[in-house]
Each structure stands twice: as C-alpha cells, then as structure tokens.
Amino acid sequence: MDQNTLQELLKVAIRAAEVASDKILEVYNSSDFQVNLKDDQSPLTLADKRSHEAIEALLRDTGLPILSEEGKSIPYDMRKEWKYFWLIDPLDGTKEFIKRNGEFTVNIALIEGQTPILGVVAVPVTGDVYYSSRGAGAFLKRPDFISPISKRTPADLSRKGLRIVASRSHMNEETEAFIQKLDSPELISAGSSLKFMLLVTGNADVYPRFAPTMEWDTAAAHAVVQEAGLTVVETTTQAPLVYNKENLLNPYFMCR
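1 is the number of the first residue of the sequence shown in the working numbering; add one for each residue after it.
Quick caveat, the hints were computed from the structure, so don't treat them as lab data. Any given hint could be a false lead.
Stated by the list, open to error - Straight-line Cα separation of at most 25 Å, BS3-like style, residue types lysine-lysine; simulated pairs:
hint, residue 1, residue 2
1, Lys151, Lys95
2, Lys72, Lys245
3, Lys11, Lys141
4, Lys83, Lys99
Make the full structure from the sequences, and use the hints.
What follows is the structure, given as structure tokens:
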C-alpha cells in the first residue's frame, strides 16, 4: 500500500474515531448507560453500540473488511485470506466508562497481514487523538493543534526509578513479581489503551501486561507505539505481537 493511500485511510480513521467519540460522549454525559452483560459477563453499554455503528458506517466506504469485538464470530478461514483489514475497539475501557473516570478510548487500526500499519487512539473526554501511519511518524491531535510525537528510546530495565504502567483492574501476582525485580520503580495507573499512550508521550517507561487482552485492545496503540520508536513484544519470545491469529487472544506482552 503506497503512502498516499495510507494517508487517505488515516484521514477516514481519524474522522471515524472522532465521530464515535461524540456518540460515546452523548451517552457518557447522560444517565442512560443501559449496561447489559455480554456472554463473558463484561459490561456492554449503549455507548459501545453507538460507537461501533458510527465507525462501521465510515470505514465501510473504504471497501476493507472490519474485525471488532462486535464481529469476532467471523470464521478464521475467511479472515485469514485478508491482506488488509480494519481492527477496531469501539470503546476500550468500558469499566472506566461506567466508573466515569474518563480513562476510555476509541481504537482503530489498519492491519497488513499480521502487522498494524496505521493506528488511531481517541480519548473522548479530552478530545485528544493519537495517530500514526507506517513510515510517517506519530502525532497528537488536540482540538486546537497537532504536534508530532518525539521518538522515544526503549527503557533499560536495569535503570533505577522506572515508571511502570499497570491497570487498576488487572494487578496480579505476575505483574507484582515483575515490579519487585526492578530498582525503586514508580507505579502509574491508567485505564484502556491510555497505558500505551503514557509511554508514547514520555510520561511512563514500561507497560508489562501479564493478564488477558484481545487483539482489538492493542492494535491501534501498537501502531502508534511503533512509530514513536518503542516496541510491543511477547514476554516469552520477545517477538512483536501479531494480529489476525486464529485465536484472537493476545499472549502476555511488554511495551517499552
């Protein structure tokens, strides 16, 4: 895919994320959460549905297939033939949404084969949009300006005082064991894909994830992280996370 095509798709993805953010905020600023339960008992809100519909309506015109939590039943035999596809999470951080702490995002990624080559992470409450495309760098778009994100250097794990990002909802024994091996670490909590963005903006150093995530939870942020000079690798193999696997569950990973 040439750079011109990629930039046109990026514009569509940013627009889709912003429209979806507006739909989410309409629900967020009302009292009508309409919380139901999915099959796995995680909360599903009216905002999820409205965001998904808004994104799908805009991305459909690109002619590329869409994979999301709402469409995860697409057979692997069908999707394994896709060269390019959109991988989206209409509302990442549903629990944070319900808690009304603002730490939720809209995630839209474009995957080539098994690699994210474009990513958009929108933060509805602040209006911030982090985005990137392969070879063109990462950017932060705010309501009044757009600024390039400086390249980062992956953190040295032996360094003293590393700032470690951990989820409030998913602190477990493996994460605690990792943190205990570090020299005087500082713990920073955040919800959703904002954990990745703390590293991208230089406000944290390492994000270890020793708890389940799905491909749509990480793909958009992974694309932004790559263009910011950082990595997202499996903890066992040190290989980059890959996407469109038969099982859409991610292995444990580390971002730094």
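Okay, the hints, checked on the actual structure:
no.	hint	result
1	Lys151 with Lys95	violated (31 Å)
2	Lys72 with Lys245	holds (12 Å)
3	Lys11 with Lys141	holds (12 Å)
4	Lys83 with Lys99	violated (38 Å)
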